[in-house]
Structure formats: C-alpha cells, structure tokens
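Chains A and B are the protein sequences, given in the same order. Numbering of the first sequence is given in the numbering used here, commencing with residue 3 and proceeding in unit increments. Numbering of the second sequence is given in the numbering used here, commencing with residue 3 and proceeding in unit increments.
Please keep in mind that the hints were generated in silico from the structure rather than gathered at the bench. Please note that the accuracy of each hint is not assured.
When chains are identical, the list treats them as one kind, so a pair holds in a single copy or across two.
Unchecked claim - In silico DSS-like links for lysine-lysine, alpha-carbon gap of 30 Å or less:
1. 32 <-> 211
2. 124 <-> 32
3. 129 <-> 289
4. 329 <-> 124
5. 124 <-> 289
6. 329 <-> 193
7. 193 <-> 32
8. 124 <-> 193
9. 32 <-> 289
10. 211 <-> 289
11. 211 <-> 329
12. 129 <-> 193
13. 32 <-> 129
14. 129 <-> 211
15. 289 <-> 329
There are 2 protein chains.
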Amino acid sequence: MALVVHKYGGSSVADAERIRNVARRIVRVKDSGLDIVAVVSAMGDTTDDLIELAHTVSSDPDPREMDLLLSTGELVSCTLLTMALRSLGYPAISLSGPQAGIHTDTMYGRARIHSVDPDRIKSELQKGRVVVVAGFQGITEDLDITTLGRGGSDTTAVALAAALGAERCDIYTDVEGIYTADPRIVPNARKMSEVGYEEMLELASYGAKMHPRSIELGAVYQVPIYVASSFTDAPGTLIQQSADERKMENRIKVTGIATQANVAKITVRAVPDRPGIAAALFEPLAKGGISVDTIVQNTSEERTTDISFTVSRADLPHALREVESLKETLGAASVFSDPTLASVSVVGSGMQNTPGYASRMFRILADGNVNIDMITTSEIRISCIVREEQAAEAVRLLHRGFQLDMEGQ
Amino acid sequence: MALVVHKYGGSSVADAERIRNVARRIVRVKDSGLDIVAVVSAMGDTTDDLIELAHTVSSDPDPREMDLLLSTGELVSCTLLTMALRSLGYPAISLSGPQAGIHTDTMYGRARIHSVDPDRIKSELQKGRVVVVAGFQGITEDLDITTLGRGGSDTTAVALAAALGAERCDIYTDVEGIYTADPRIVPNARKMSEVGYEEMLELASYGAKMHPRSIELGAVYQVPIYVASSFTDAPGTLIQQSADERKMENRIKVTGIATQANVAKITVRAVPDRPGIAAALFEPLAKGGISVDTIVQNTSEERTTDISFTVSRADLPHALREVESLKETLGAASVFSDPTLASVSVVGSGMQNTPGYASRMFRILADGNVNIDMITTSEIRISCIVREEQAAEAVRLLHRGFQLDMEGQ
Numbered sequence: 003m004a005l006v007v008h009k010y011g012g013s014s015v016a017d018a019e020r021i022r023n024v025a026r027r028i029v030r031v032k033d034s035g036l037d038i039v040a041v042v043s044a045m046g047d048t049t050d051d052l053i054e055l056a057h058t059v060s061s062d063p064d065p066r067e068m069d070l071l072l073s074t075g076e077l078v079s080c081t082l083l084t085m086a087l088r089s090l091g092y093p094a095i096s097l098s099g100p101q102a103g104i105h106t107d108t109m110y111g112r113a114r115i116h117s118v119d120p121d122r123i124k125s126e127l128q129k130g131r132v133v134v135v136a137g138f139q140g141i142t143e144d145l146d147i148t149t150l151g152r153g154g155s156d157t158t159a160v161a162l163a164a165a166l167g168a169e170r171c172d173i174y175t176d177v178e179g180i181y182t183a184d185p186r187i188v189p190n191a192r193k194m195s196e197v198g199y200e201e202m203l204e205l206a207s208y209g210a211k212m213h214p215r216s217i218e219l220g221a222v223y224q225v226p227i228y229v230a231s232s233f234t235d236a237p238g239t240l241i242q243q244s245a246d247e248r249k250m251e252n253r254i255k256v257t258g259i260a261t262q263a264n265v266a267k268i269t270v271r272a273v274p275d276r277p278g279i280a281a282a283l284f285e286p287l288a289k290g291g292i293s294v295d296t297i298v299q300n301t302s303e304e305r306t307t308d309i310s311f312t313v314s315r316a317d318l319p320h321a322l323r324e325v326e327s328l329k330e331t332l333g334a335a336s337v338f339s340d341p342t343l344a345s346v347s348v349v350g351s352g353m354q355n356t357p358g359y360a361s362r363m364f365r366i367l368a369d370g371n372v373n374i375d376m377i378t379t380s381e382i383r384i385s386c387i388v389r390e391e392q393a394a395e396a397v398r399l400l401h402r403g404f405q406l407d408m409e410g411q
Numbered sequence: 003m004a005l006v007v008h009k010y011g012g013s014s015v016a017d018a019e020r021i022r023n024v025a026r027r028i029v030r031v032k033d034s035g036l037d038i039v040a041v042v043s044a045m046g047d048t049t050d051d052l053i054e055l056a057h058t059v060s061s062d063p064d065p066r067e068m069d070l071l072l073s074t075g076e077l078v079s080c081t082l083l084t085m086a087l088r089s090l091g092y093p094a095i096s097l098s099g100p101q102a103g104i105h106t107d108t109m110y111g112r113a114r115i116h117s118v119d120p121d122r123i124k125s126e127l128q129k130g131r132v133v134v135v136a137g138f139q140g141i142t143e144d145l146d147i148t149t150l151g152r153g154g155s156d157t158t159a160v161a162l163a164a165a166l167g168a169e170r171c172d173i174y175t176d177v178e179g180i181y182t183a184d185p186r187i188v189p190n191a192r193k194m195s196e197v198g199y200e201e202m203l204e205l206a207s208y209g210a211k212m213h214p215r216s217i218e219l220g221a222v223y224q225v226p227i228y229v230a231s232s233f234t235d236a237p238g239t240l241i242q243q244s245a246d247e248r249k250m251e252n253r254i255k256v257t258g259i260a261t262q263a264n265v266a267k268i269t270v271r272a273v274p275d276r277p278g279i280a281a282a283l284f285e286p287l288a289k290g291g292i293s294v295d296t297i298v299q300n301t302s303e304e305r306t307t308d309i310s311f312t313v314s315r316a317d318l319p320h321a322l323r324e325v326e327s328l329k330e331t332l333g334a335a336s337v338f339s340d341p342t343l344a345s346v347s348v349v350g351s352g353m354q355n356t357p358g359y360a361s362r363m364f365r366i367l368a369d370g371n372v373n374i375d376m377i378t379t380s381e382i383r384i385s386c387i388v389r390e391e392q393a394a395e396a397v398r399l400l401h402r403g404f405q406l407d408m409e410g411q
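Okay, chain A solo, but in the shape it has when bound (with noise of 0.2 Å):
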C-alpha cells in the first residue's frame, strides 16, 4: 500500500482541539486508502518552555541533560495525536524516535541522524495501524537520547520518507506554503507552487521556517516535500528535483528573499597572518559542535588578519568561551562580539554565473540606508549580515527591488 509521511509542527499540535484537528485530517488520508506515518513536533512554545523550566536550575545546562529534557515535549504530543485518533475510532500506536528506529551521533542538541531501522514503524504498519513519531529525538549507540536541532521535525519526517520509500513527506505547518520572502515582513510576497531543493536549501538556511538538514535529505533521497498549512486546505509549496528542472527553460534568476534573525558575530583582532591559523582556530570550535556560518578574514599590512564570523546568538556564550580558551594559543591581540544582526540573502539559479546580481544587491541595500557587516556568496545565494533592526526594511527593499512582487515572475 502507498504510504506517504505527515509532519505537524508545534503551532498545529498546540492544543486540544488542533490536535483532535490534525487527527481528523490523519484519518482522510488513511481513508482514502492510504498507509500513514505522522511526526510530531512538541505542543505550542513547549520546548521553550523547557529550556526556560532548565535555566531555573541551571546557569549553564549539561546538554546530555538538556536532550533528554526536551525529548518529553515530542512524547507528550505524540502520545495525546495517537490518543485523539485512536478515540476517532481508528489503530493507532505512537513511537519514540528510539523506538522509530532513528539512530544519531552523539552530538547533543545538533545530533544527525546516521540510520534508520524502521523495522518496528513496518511492522505497525503491516497491522493497519496508524504511526504517530516523536519527532526531533534520536538514539546513540549507548542509548542516550539525543535531539536534532530546532526544526528537527522536519528532518526526522524526510528521513522517515527516505527509509520507508514514502510516496511523499508532506510538512504541515502554520503558513501555507514557502514565499517569495515573510509575509510578515513583506505582505506582497508570493507562495511558489513548487521549488527545487537547492533553492529550498537555501532559502531554508536563511530564514524559511524549515530544518535545512531537512532539504538535504530530500535532496539525496529525492523524496518529494510538500510544505501547507494544517488550518485550511489551500495549496501549498512542493519541493522537488523536477520543479528545478522544469525551470531549466524558463529560468527565474531570483526565487525569494531569506532573512534570518539572532546572528552574531565574533571578530579575532590581530592574529600572526601564517598558514593553519584559520583551522586552529575552526577545528576547535567544529569539535565543539558550534556552527560557523559566515567566515571573513581581512589581512592587513602589519603581517596580521582579523577574522570574523558569524554563529547563532544561542551559540554565543559557547563560541566565545572556546575562542577566549584559544587567544593565546593562536598570537590574537583581542577578541570582540556582536550578538545583533541578522542576514538578508537573495536566492535563485545560478546567481554566481551572472555577474551583476551581487552589485544590484549591495546597490539596492545601499540607497536604503542599509549598512552591510560581511557579505557571502554561494552558487545560488548572496548574503549579507545586517544590523538587526534593519533587516526586515532590507527585506521589502529587495523584493521590491528584484520584482518578486510582480505577478508571473
């Protein structure tokens, strides 16, 4: 039987009756004949409330301790779809990411999944049954529990797809579908009908309310992601290969505009300019498990760099423990941070192979007022880091600026 993956996030389970909603939508599908696997996300702001529950004992959480903590918020809303389905009258049984068989490394709070054994979900399955998953968790070998990230939903449903040979992993959330850039931010931002899954990756990592890991999966395992809203039944966004391909014809340079809040910036003054100094600085904190996004390094004439980058703000207190642990250790004169910017990133294809798409950009920013910290680059996207309190006007601006607003772009 075809089997397709649902994933509800946090503001669809929030409560009662979304969740007795969310069951009743589960229950269409199975009737019309179809095999289903639902993820869940934790219920409203729960895992905030978590970390905040945490911070009340702790200054500085273990982060075993903290993933073992925030797991509970999946297994209470899993456990409550699971319970209103199974009341509709329908087989129903929910898993636990240890017990979906979703085995990670043993990164804590950023694990990645490294297998699937979905032998357990099969066999429910073969039973009529109706799986509902804690989403986000996994399992290390010495089975400790582990969480995937904020967003980490999204991850555990595609690789579910993947592993199970799902028809398709459909992403309910609280907005329709991926836009042109946050209606919020930009109220004539258009919904794409569908989006290939590089330029997904990079909307995603900049800004769009999905687990860039997520994208990836997809990608390598070409399963199909639709991406709508759980509350009504308007189209939504699907993201696959052929979206891309299809486009190869009618190219559209820009897809949409990506922000990204809570991004700050460390700067390394005065380091010897000499060969290994970048990876004895970036080995250490990569062991660590902090992300580095955007990495700029200025040499200057007294035979010394800066080099700044970028983190979370969450990671910062971390980041620059383990870089204040390296000063002496790497020859640096100082250390400074920035925790209030944010990034703008304009995406679409081949953007590197079109010269002009950048200095547009800079030049749209700049008759804006709106000042660039640090620029970066990828085949298919050009950020800038931006004050924060800027980054929502950079974000109207360049979508004025590149059209998107205009309908049969």
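Mind docking chain B on chain A? Use the hints.
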C-alpha cells in the same frame, strides 16, 4: 564504596527551589563519602495534569499511550535535578527507566519489574557520578515504555537498592515518617521510629503513602527502608526485619490505623451458586489488569449467591464494563456499584491469632454510629469498608479506642 539509594517524591521536587534543596541534600551525602543513586517522581501534580491532558483528547485513553505520556513527568524532574547537581559542581547524570535497566512486564499502568540490569548505573557510579533515575517507569521486551502505577517510584528505588546491594533505601517525602494513623485525620497520631515489613505492607496497602510493592521488595531482598521528610532533618521511620523481631518480646498488638479513600464496590446479584462461578468472574478481571481487593460472597436460600468486591474508584468503569459483559455467562440477575466508599484498617502483629481484636473494632465503630459495609481480615490486619464520608471519623475513633495516642505504646 558504600552506596545509598534516595527517593524523592513529587512534592520534594515540585519547583526549582525544592529541586535545588534536594540537590544540596544529595551533595551532603556524597560529601560524606557515600555513592548515591537518587530516584525521583514527577514534579508536584505533573502526573495528574498529564492525565487530565489525555482526557482532553480522549475519553478512554489507551493504556500504552498513557504510559508513554506519563513517563515524561519523571524524565523532566530527573534531568532538572541532574542539572542542579552539576551546577553545584558535582558530576551527575540522569537515566530514564529504560537506561537504568528497569525491565517490566507489559501490564501498562501497573507494570511489575521482572528484572533490573544495573550495568549502566554501576559504570556511571564508577566514574564518580551521582546517578539520578526517573522513577515509576520501565521498558518491556519489545522496547515499549511502561509505568509501575501510583507511587511506583518507591518500587523503582527499592528495586535498584536491591539490585545494587545498597546499604539502605531512603524514601524522602513530605511527611516525617510512618504514623500510627494519618496525622491530618488524627492530630495526636505518633510517629514510629521503626516498623516491620509486614505491618508496613498492610499500612501501605491500606492507606499509608507508600507503594505496597516497594515494601514487598524490601522484605524479600532485606533492604532497610528509611522514610523521612525532605524538608526537615527530623528523624524518620526505619522499616526493617529486625524491628519486627525485636518486638517479639514486647509485642504491641495494634501498630496503626490505615485508611484508603476512593474505594468502589461492585455487587453481582443472584448468581447461580455453583462451583467455578468465582473463577469465571475474577479471572477475566485479573486478565484485564484490574486489582480486586476485598471479596465477599453471601449465599442466600434460593441457590443463588451475591458476590461483592471492591476496586479502586479509577478502575470502576473498566471493571464494570468487564462484569457487564460477563453477566450473561454468569447467569447473574443484576450488577450494581457504589463508588463512594473507603476502607479503614487496624494493623498489628498476630491479630488473627488473638480473638477479640475484631469484635473490639466493630464495637468501637458501632458506638460511633459508623456503619460497616464489608469486612476482611488478614494475619495482621482487620479492614472494614465504610461510607467515604465516615472514614475520617472512623480512623479517629479507632486511634483513640485502641489507645494509640498514649505514650509508651
């Protein structure tokens, strides 16, 4: 190194300040040179809140789902206590029931521990860590999560103490020990400095706030259990075999008065009085996981019999469904139930061998105008089922009538 197991109840870890208080208590023990395993219940009313939440999505939540849901309460408290210990500078690690090696049968909601695999705990203790274990929960052979029933964390603690060869198992709660009667009902009830396992088992089964199975386990594995308050340093009550034995010479007939609220009675009327009828009734109830307490059967002149039995009020709907479905098979005329009863018990040593104690109990209740609905006795206990609203008065009458408030008893 000598090892102690501590158990902290829900009121002892009800908020951040109390969790920090428990952490400080544990640190004092660790500093005295002992290894320590701490078992915790869920914070405050968490379990009740989760049950209520389940009932918002389902009128009759599935027991397996309920257990996975309820198990989250202890995960939260055990990770928070671990964080609090670490923030005091002490190495500590939290373990879920499965991680702590608590293996159970599949009787959801009242699972029994069939084995404890203490390898992980031992290896963490060897690393010098305080081990904090989520009470109340275990794992089946099929890796499903179970809970041990109300108060099950006591049983987790004693089972771990037995498996690890601990010196003692300390049960910290919001009362200062075991009393001759509930001090909220009988203000001059006395705290006992020690009590034997068997008497404690009857006291626990009939009202004292401890999980009866924890006492059974303690008796079988000869684990001394110390019950005391987590809020004061007042001396508590030691439950151990030798106490009973020392008492042999100076035997006190009545140890205490126990009471149990939330008793419900089911009566099956006019069942044909033939062999096998009790088995036909009680076997399906046992298979359904319903604990039946007092059973009374009265044969009438017309070759039929009435069978009455009590269950906990929570089990009444489930039990009634079972009994109704058996009505035809049994050939019963009717089934009725009464949910508003309570039991009151006099517990002591060798009561059944000493005629007069039962009649003295019945006389005290009769003089107080307390009507007795059912009676049951054991080697060391006489219990009466009474109307719930008369239970407190019955306890006071019996405490006074058996002179338990007198010093030197």
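Results for each hint:
In the homo-oligomer, the alpha carbons of residue 32 and residue 211 lie at most 30 Å apart inside one protomer (27 Å), although the nearest pairing across protomers, at 46 Å, exceeds that limit. Within a single copy, residue 124 and residue 32 get their C-alpha atoms as close as 16 Å, which meets the 30 Å cut-off; across copies the closest is 47 Å, which misses it. For the identical chains of this complex, residue 129 and residue 289 are inter-copy neighbours only, at 23 Å across copies versus 44 Å inside a copy, given an alpha-carbon limit of 30 Å. In this homomeric assembly, residue 329 and residue 124 never come within 30 Å of each other (Cα to Cα): the closest approach is 52 Å inside a single copy and 40 Å across copies.
With identical chains, the CA atoms of residue 124 and residue 289 are at most 30 Å apart between copies only, with a shortest distance of 29 Å across copies and 36 Å within one. Taking identical chains as interchangeable, the C-alpha atoms of residue 329 and residue 193 are never at most 30 Å apart, the minima being 47 Å within one chain and 62 Å between chains. For a Cα distance limit of 30 Å, the shortest separation of residue 193 from residue 32 inside one copy, 28 Å, qualifies, whereas the shortest one across copies, 60 Å, does not. Within a single copy, residue 124 and residue 193 get their C-alpha atoms no closer than 35 Å, and across copies no closer than 56 Å, so neither meets the 30 Å cut-off.
In the homo-oligomer, the alpha carbons of residue 32 and residue 289 never lie at most 30 Å apart, since the shortest distance is 44 Å inside one protomer and 32 Å across protomers. In this assembly of identical chains, residue 211 and residue 289 lie within 30 Å of each other by CA distance solely inside one copy; the values are 27 Å within and 49 Å between copies. Taking the closest pair of Cα atoms, residue 211 and residue 329 never come within 30 Å of each other, the shortest separation being 36 Å inside a single copy and 58 Å across copies. Proximity of residue 129 and residue 193 under a CA criterion of 30 Å is satisfied in neither setting, with 39 Å inside one chain copy and 55 Å between copies.
With identical chains, the CA atoms of residue 32 and residue 129 are at most 30 Å apart within one copy only, with a shortest distance of 13 Å there and 50 Å across copies. Taking the shortest alpha-carbon separations for residue 129 and residue 211, neither the intra-copy value of 35 Å nor the inter-copy value of 42 Å comes in at or below 30 Å. Taking identical chains as interchangeable, the C-alpha atoms of residue 289 and residue 329 lie at most 30 Å apart only when both belong to the same chain, with a minimum of 17 Å there against 68 Å between chains.
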